[in-house]
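K.L.:
Letter by letter, the chains look like this.
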Amino acid sequence: MRKELIVLEEIFHEGGPRAAVPLRRAAAITVIHNPFAGTYVPEIAGFMDDLKPFGLQMARRLIGALGGDTGAIEGYGKGAIVGASGEIEHGALWHVPGGYAMREMLGNAKAIVPSAKKVGGPGTRLDVPITHINASYVRSHFDAMEVGLADAPRNDEMVLVLVMTTGPRVHARVGGLKASEIEGKDGLR
Amino acid sequence: MNIRKIVTFVEETRLEMGHVVDPAARRAATVAVIENPFAGVFVEDLTELVSMGEELGSLLSERTVRALGVPPNAVESYGKAAAVGENGELEHAAALLHPKFGAPVRKLLGKAAAIIPSSKKRGGLGVALDIPLGHKAAAFVRSHFDGMEVRVNDAPRANEIMVALAFTTSGRPLPRVGGLTKQEIKGDDGLR
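Quick mapping for you: the protein sequence lines, in order, are chains V and H.
Letter by letter, the first sequence follows residues 1 to 189 in this note's numbering.
Letter by letter, the second sequence follows residues 1001 to 1192 in this note's numbering.
Please note that a few of the clues may not be correct.
[Unchecked claim] Residues from chain H shown here face chain V by an in silico Cβ test under 10 Å; the list is partial:
no.: 1; residue: 1005
no.: 2; residue: 1006
no.: 3; residue: 1067
no.: 4; residue: 1099
no.: 5; residue: 1122
no.: 6; residue: 1126
no.: 7; residue: 1154
no.: 8; residue: 1192
[To be verified] Chain H is nowhere near these chain V residues, computed Cβ spacing over 12 Å in every case:
no.: 9; residue: 1
no.: 10; residue: 39
no.: 11; residue: 40
no.: 12; residue: 72
no.: 13; residue: 100
no.: 14; residue: 105
no.: 15; residue: 139
no.: 16; residue: 177
If you are wondering where the hints come from, they were derived from the structure by calculation, not from laboratory data.
All C-beta atoms in this analysis are idealised placements derived from N, C-alpha and C, irrespective of residue type, glycine included.
Let the sequences and hints guide you as you build the complete structure.
P.N.:
Structure follows, in structure tokens:
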């Protein structure tokens, strides 16, 4: 690991009424060396085990940044930016260790963790998608958080990202399934 | 003061060009996105922004120290910056940053006689702010000359201003270009 970045946003309003409880969104970003940079390696899946401790540590840090109460976390997402000497497939290694770390720490959250990934150079920005942790169709919680680092990823690096939020968009009002209506059986509704 | 959002960044560098940075180089920045009360009109008297600057100096320094998780006197370097949305003037950033912003910052940190380096610009949503950094007790400490880039993708809107403060607990990760060191600080004049 070369560096870590934690970003915490506290949103009071977006031109409308001031929220009684401000929306908080946090991203944990970790820059690591990509062991497969520069060559095509057929078997890469074993690296997912090496990424597990990063997933757990980043999830723990996010919960801490958002106040320490796992019950307050309502949305999540994940992503990766692979440096130029790597493949998009290397970014796909993050799905399992990143996603399961958050679901585990949030008490077996039911919804799939939405994700985005790309290959890019230093300063590349990534829009990390966000959905409700227990039901993917909760419309008020569809969101995204833009993240990036001025000096990463270098050619032979990968940027790993996890995001958590404490609630709906600050002025959510476009209908759809509400968080209060979640059935919680299938992770979707 | 109408604050729309506050964003905090905490960065920890552990490796630089393969060398372990021990202790890790840590720095944090807090950005407040506020409504510009003078957007779109020329107002001669900027006192209102000057007062908001004082309030922001206090709020941002407390938040940034908390983000680093260290006692205030452990902060070694600092810097500030502002970006004014397209309906504002550069002078609005100056009113926020220069007359009264620094006093609460220095009061919190203690032994902070050096000028707080600053940058300002006008820009649109997502504009990058490069916050200059310098040692809090002696502006000439070369190991602590640095900069931290921050941006907030949805700010500043046309009628907004983003105001940023950055603190570090160390200089650059692997400083080795000589000059005044922090051990040599006399601390009389804020320069050396």
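K.L.:
Against this structure, judge whether each hint is valid.
P.N.:
The hints, checked one at a time:
1. 1005: With a closest approach of 5 Å, the residue 1005 of chain H hint holds.
2. 1006: For residue 1006 of chain H, the interface hint holds, since the closest Cβ of chain V sits about 5 Å away, which is under 10 Å.
3. 1067: holds, 8 Å
4. 1099: Nearest chain V Cβ about 26 Å off; hint violated.
5. 1122: violated, 21 Å
6. 1126: holds, 8 Å
7. 1154: holds, 8 Å
8. 1192: violated, 30 Å
9. 1: The assertion about residue 1 of chain V is violated, with a minimum of 6 Å to chain H.
10. 39: Residue 39 of chain V clear of chain H: closest Cβ-Cβ about 19 Å, beyond 12 Å.
11. 40: holds, 24 Å
12. 72: Fine: 17 Å to the nearest Cβ keeps residue 72 of chain V off the interface.
13. 100: holds, 24 Å
14. 105: Holds, since 20 Å exceeds 12 Å.
15. 139: holds, 20 Å
16. 177: holds, 25 Å
Of the numbered hints listed earlier, those contradicted by the structure are 4, 5, 8, 9.
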